[in-house]
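Q: Listed here are the chains, written in short residue letters.
4 protein chains.
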Amino acid sequence: MSDVKKVVLAYSGGLDTSVILKWLRETYNCEVVTFTADLGQGEELEPARQKALLMGVKPENIFIDDLREEFVADYVFPMMRANALYEGLYLLGTSIARPLIAKRQIEIAAKVGADAVSHGATGKGNDQVRFELGYYALNPDIKVIAPWREWDLTSRTRLIEYAEAHQIPVPKDKRGEAPFSTDANLLHTSSEGKVLEDPWEEVPDYVFSRTVNPEDAPDTPEIITIDFERGDAIAVNGEALSPASLLARLNDLGRTHGIGRLDLVENRFVGMKSRGMYETPGGTILHLAHRAIEQITLDRGAAHLKDELAPRYAELIYNGFWFSPEREMLQAAIDHSQAKVAGTVRLKLYKGGVHVIGRKSPHSLYSEKVVTFEDDAGAYDQRDAAGFIKLNALRLRLLGRRDR
Amino acid sequence: MSDVKKVVLAYSGGLDTSVILKWLRETYNCEVVTFTADLGQGEELEPARQKALLMGVKPENIFIDDLREEFVADYVFPMMRANALYEGLYLLGTSIARPLIAKRQIEIAAKVGADAVSHGATGKGNDQVRFELGYYALNPDIKVIAPWREWDLTSRTRLIEYAEAHQIPVPKDKRGEAPFSTDANLLHTSSEGKVLEDPWEEVPDYVFSRTVNPEDAPDTPEIITIDFERGDAIAVNGEALSPASLLARLNDLGRTHGIGRLDLVENRFVGMKSRGMYETPGGTILHLAHRAIEQITLDRGAAHLKDELAPRYAELIYNGFWFSPEREMLQAAIDHSQAKVAGTVRLKLYKGGVHVIGRKSPHSLYSEKVVTFEDDAGAYDQRDAAGFIKLNALRLRLLGRRDR
Amino acid sequence: MSDVKKVVLAYSGGLDTSVILKWLRETYNCEVVTFTADLGQGEELEPARQKALLMGVKPENIFIDDLREEFVADYVFPMMRANALYEGLYLLGTSIARPLIAKRQIEIAAKVGADAVSHGATGKGNDQVRFELGYYALNPDIKVIAPWREWDLTSRTRLIEYAEAHQIPVPKDKRGEAPFSTDANLLHTSSEGKVLEDPWEEVPDYVFSRTVNPEDAPDTPEIITIDFERGDAIAVNGEALSPASLLARLNDLGRTHGIGRLDLVENRFVGMKSRGMYETPGGTILHLAHRAIEQITLDRGAAHLKDELAPRYAELIYNGFWFSPEREMLQAAIDHSQAKVAGTVRLKLYKGGVHVIGRKSPHSLYSEKVVTFEDDAGAYDQRDAAGFIKLNALRLRLLGRRDR
Amino acid sequence: MSDVKKVVLAYSGGLDTSVILKWLRETYNCEVVTFTADLGQGEELEPARQKALLMGVKPENIFIDDLREEFVADYVFPMMRANALYEGLYLLGTSIARPLIAKRQIEIAAKVGADAVSHGATGKGNDQVRFELGYYALNPDIKVIAPWREWDLTSRTRLIEYAEAHQIPVPKDKRGEAPFSTDANLLHTSSEGKVLEDPWEEVPDYVFSRTVNPEDAPDTPEIITIDFERGDAIAVNGEALSPASLLARLNDLGRTHGIGRLDLVENRFVGMKSRGMYETPGGTILHLAHRAIEQITLDRGAAHLKDELAPRYAELIYNGFWFSPEREMLQAAIDHSQAKVAGTVRLKLYKGGVHVIGRKSPHSLYSEKVVTFEDDAGAYDQRDAAGFIKLNALRLRLLGRRDR
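Heads up: the protein sequence lines correspond to chains A, B, C and D, in order. Residues in the first sequence are numbered consecutively from 103, following my numbering. Residues in the second sequence are numbered consecutively from 103, following my numbering. Residues in the third sequence are numbered consecutively from 103, following my numbering. Residues in the fourth sequence are numbered consecutively from 103, following my numbering.
Honestly, the hints are just simulated from the structure, not real lab data. Treat the hints loosely; a few may be bogus.
The list treats identical chains as interchangeable, and a pair is accepted whether it falls inside one copy or across any two copies.
List time: in silico DMTMM-like cross-link candidates among lysine to aspartate or glutamate, alpha-carbon distance up to 20 Å [unchecked claim]:
1) K296 x E266
2) K245 x D140
3) K450 x E317
4) K450 x D318
5) K471 x D243
6) K245 x D105
7) K450 x D307
8) K471 x E172
9) K245 x E128
10) K245 x E209
11) K296 x D318
12) K450 x D321
13) K462 x E304
14) K107 x E252
15) K213 x E317
16) K107 x E209
17) K450 x D300
18) K274 x D318
Assemble the whole structure, with the sequences as input and the hints as a guide.
A: Right under this line is the structure:
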């Protein structure tokens, strides 16, 4: 066991991280600094401060930050520019939050002179990897403590026994095992484990917390517009909004119309398959709107290159490599393409569906004059197509002659 | 103008290809063989025979083939195995039909000793490319006649004048210009041009022909199952169906629930952007179901490689390179991955949405024993994750040390 | 034939472009502006001016530019950062020069108010595409005249007859057909056609002009060093040199030691295979030296991403898409990786071979402390490898269990 | 420590694996089965049998197999079809041998009823990963013992002490530390560590064992031919040879002419950079010859797709994922392309260099008729290029109009 003097713990104030707080002090005999971030998970942060104080954390060792704007502007939006989908479907809501938490922990560690950081992610999941790759990338010499991989509290019963033995208050609803495990931030809420573990069984309705059931959504569609500038959304229904406010607004719209539920069996970086339920109401709207504005503002070459790079980019984020040279290289390529991705998208929200119904842009590359079925006044010479096809066919003809 | 003796024309029986039939004979003084395919476009084929006879085509020169099963089994299904989406959204319904028509024309040309083939696609679109790359790949020495690129009938008015001057019956509804242009087969119906040419304007409701408006779809969701074997769908709701019958069944379900409408601005191979409306009811269900069955039966390495190859594969089909070595190479890779893609997917259809709610397989790679949040009895050793992370982080740490 | 008032011709002063000059005036009855670039092809430029004057071009319509530094700094070096090789072997010496010539022609056209540009590339090759894609990208409305695709001078005999009929001096050695066709600039000399057209026949020795035969090279190896900064070479043997001077120095070294000959059958963008002989003496050394300095300064993630992107990047340059969004996106990614690609590479030149024998860098990521076979004092914990392997193996084990 | 009854050890007969043999018995109190493979490493195998007997291994537990033909036919050749180069330069000579050894160990384990396998690779290298991923893929339930990660013999001194204490003969030259570490098989010899650990220092001449120094190679070039069939080499200088004999023949030629030396700093899968020296005499010739025969027999679409897939394919082999679905998928794609890769390549070997000087094939796609600078009698219509360029330029022109 390595020697640790001061550790910065990602602390939610809940039972698990409270037990970790205690266990760190007991096990490492070290000072614990707590860090609690507001990423839009929808919980009050002050109770976390009170709990930390009650646990004996010194006031100057309690850090509570509102990271919502940074989260959306510097993490969610760059990822949205890429149209990233993990395994074709997942909008990466958990993955994209971890690097920011890791970065802030390392910054606090530098500030308070801590030599270690710690998190509450288990040894089976992806989050441990995302946290720790972030830690190591930003401070190669930091010590990392992952209690779930180290301690012997291998069941919830033992965790609660430990809590009771150490005067850690155990909320009533934690006595029985929770029926599933969740993570939440401004982009999404995820649920996995337990009642969700059989991928043949439908997800029970009580698992959802961020969206109404599409069947209960309004019977009347709602039409909205989103404005974009340089690839980022800047306004909803004509109202300019900060990144976090904008995503919150779309979340409200998405919640109402039952948008963004995803039942997925995915491949974890650690090598197993898991089944999760994701709710990404605003993000789902944003993703489709971004694709729509790109349709008229992005050149084909740029668009197709982006499509080919996107699976790799998504994989990097999922696997925890946000702070890696290759993610940054891909980001540089993607961002280069977004200079003129600007304009307005019109969407219809209805019963769980997001339907793009119109898009316009001052930078549109769509040319009605060229594409028209009507007389195009010479904008396009149809005879050019003959040569185009002949030369595209040439290698196939040479091949055909050989292989007949 | 090259010397042509006998030409095989892709003939629908409609006004345009009837004018082409006449024009070919007049211009090239050649014998015309008509080929009409049933690809599930939902039109009677016998009228095409009658029209061809009326136009003076010899009975032995009239070919009418039901290609529905071949179309689905050998073109749609292989493409579905790839999860191919052009520009992230489009299921390639038009693109995938052209190679089969081209192949059949070349076969008929060989049979009847024709030295040329002809089609009715315009000089602005992708279809001319798809037809002609197919022709040339399968018979490098065939002559290709693309009337729309050659003749001077550059407006509908002139086309109708030509028809009337040559005793070709002009249907009443063709007198006025059609408000949009369509293509249909068992996989989809596309609509483009004219009233759709402003991508900011919502597609009028009368454009849709294959699906009800989601707002008019039943208020009660419908649960269905699809069974897969070796990557292909084989049964709906437990009933084994041939490929074409299965797709037809899914089309019925999709139509009822308003599934598979897509409003897209896409990049054509010939270099311009165009706006299209696609209806792919059954294909949309199939696409999502196939992804779902892959989720539990495909290894991560195979799945991610497929995701990286899919945009290129889709582009090849869109651009008309079905009969190319590179499409075949990608198909070989994709097909290799599908041996165990088998099992059953449960889906909920509701108001335009397709929601996967369950999947199971005799070949499932999902292991509840390994993934469980409960005690896993040693199936997974959480301490392994420490070394896994440490070595994945090593290069990032060396980098961090250098760059600080 | 479109109406042309003033045309900027890429003019070498040789027979072909002199005939073109005359033909342009005769055919289009337009003013001709000549542009002659020094790209390091090793020819005097003043004779081109004299010839243009003799042909009646007004002095103010004669442009002669030394573009060597711009060529190497802004075209060759960015490409070298990518380690670009077309079809695994070719250093793209011709391809990379065309965009610069095109750009300069468009700039001159803007300056002199010309409405057209023209070049001397034939209708079978890649260069016409590279020139014209450059023209159109930089000025979408420019008129392009490609005489070889338009005129009826389809043989050298007819070209010479035309020249004689128009008082254009025909050099003695042009009377007989040249035994092969060449292109040259500071990066390379290419030779193709005629005596080279049978790919089974060895290239005759008289084809080579830029390198000695390896068999005639010195019997003693020469050791050199190249210094890099931000991915670009900045010094040879410790002497700081401008980009063009540096490449010239490496060309001298390469020439002496018979380095950089390549006999290649390649795939042209227009669809046919052609056989070419390339001499890229300095570029070959530079390419290998750049790879060597990247070996110690580039992170694995960045290096492997670059390797995967390089074939596409090379294809874009070969096909003439230098001024395309997708090439620029890839360049942004590549350039992002080069910030710390700095240091010194030691190479041995011998009888046609370039052998990297050492590399060092202030930004080296190579850690003898970590890699050593000796006791590493805890820099690396071998037990970490157990977990690393176990989790990398997990999916393969689950697969193996299923498939046994 | 897990319970082990019988273990199959990859046994060379050298000091290290002899110590491992002893240590396994002592530590696990288990029966040890030795497996020694002839992969063309150029050592006698019978001494290994004698040593195993002397160490007390039962005769029926000693397995010695000549795997040379299987190695070349089923591992080296498939990899050569891909033109695989790790990090642009390395022919993967060590990586490609490990899966075969692993496969044979698992087969022997099944035969003798062993529950474990073991190897002598250290905890810092790639080979442990390659062995163990192979083991686990082929038998997910096998136990794996990696002594170098488990024991406390952390220096050579302690290893020798252990050997002496256990009556294991220590060769004289092992008393002092070897100046570098090697691996050899029919494809290559690698050397790394110790005197090679400073990547700025030239590799000393005594490190090389498979090739003469190019400076000592014959002053006269040697011309050879290699025949290919379905992508594999089948004859040298017209003489048909089995895969292993053919590679051995090319090794002799390469040795004589000093071909295939590579000084590389590479990125290991475990996260560090290492410097190695590789000698791949025959493989280097084969690699270039294969590219040359592909030049005239492979279509551009197939060739470029191969070039884009090759880095990933090489990475998979390097990282030990030979027995993975994604490597097999890529192999399926690659093999699909090789049906007509047949013909003869002529090469000149001289002073370390391999120069392709000619290639011919009954399946050549090279068409002198089409490519010729002379009159091509209509094989290619240069005017087609105009339309080809116009449509390739269309999107760039629309972009240019927008962005000016």
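Q: Next step is simple, just say for each hint if it's right about the structure.
A: Hints, one by one, checked against the model:
1. K296 x E266: neither (24 Å within a copy, 56 Å between copies)
2. K245 x D140: neither (25 Å within a copy, 46 Å between copies)
3. K450 x E317: both (16 Å within a copy, 11 Å between copies)
4. K450 x D318: both (17 Å within a copy, 15 Å between copies)
5. K471 x D243: between (61 Å within a copy, 15 Å between copies)
6. K245 x D105: within (9 Å within a copy, 34 Å between copies)
7. K450 x D307: between (25 Å within a copy, 14 Å between copies)
8. K471 x E172: Neither: 42 Å inside a chain and 38 Å across chains, both beyond 20 Å.
9. K245 x E128: within (17 Å within a copy, 36 Å between copies)
10. K245 x E209: For K245 and E209, only the intra-copy Cα distance (14 Å) is at most 20 Å; the inter-copy one is 43 Å.
11. K296 x D318: So K296 and D318 fail the 20 Å test inside a copy (26 Å) and across (38 Å) alike.
12. K450 x D321: both (12 Å within a copy, 18 Å between copies)
13. K462 x E304: Cα proximity of K462 and E304: across copies only (12 Å, versus 40 Å in one copy).
14. K107 x E252: Classified as within: same-chain Cα gap 18 Å, cross-chain 30 Å, threshold 20 Å.
15. K213 x E317: So K213 and E317 fail the 20 Å test inside a copy (50 Å) and across (57 Å) alike.
16. K107 x E209: within (17 Å within a copy, 51 Å between copies)
17. K450 x D300: Between copies only: 17 Å across, 34 Å inside.
18. K274 x D318: Neither, since 31 Å and 46 Å both go past 20 Å.
Of the numbered hints listed earlier, those contradicted by the structure are 1, 2, 8, 11, 15, 18.
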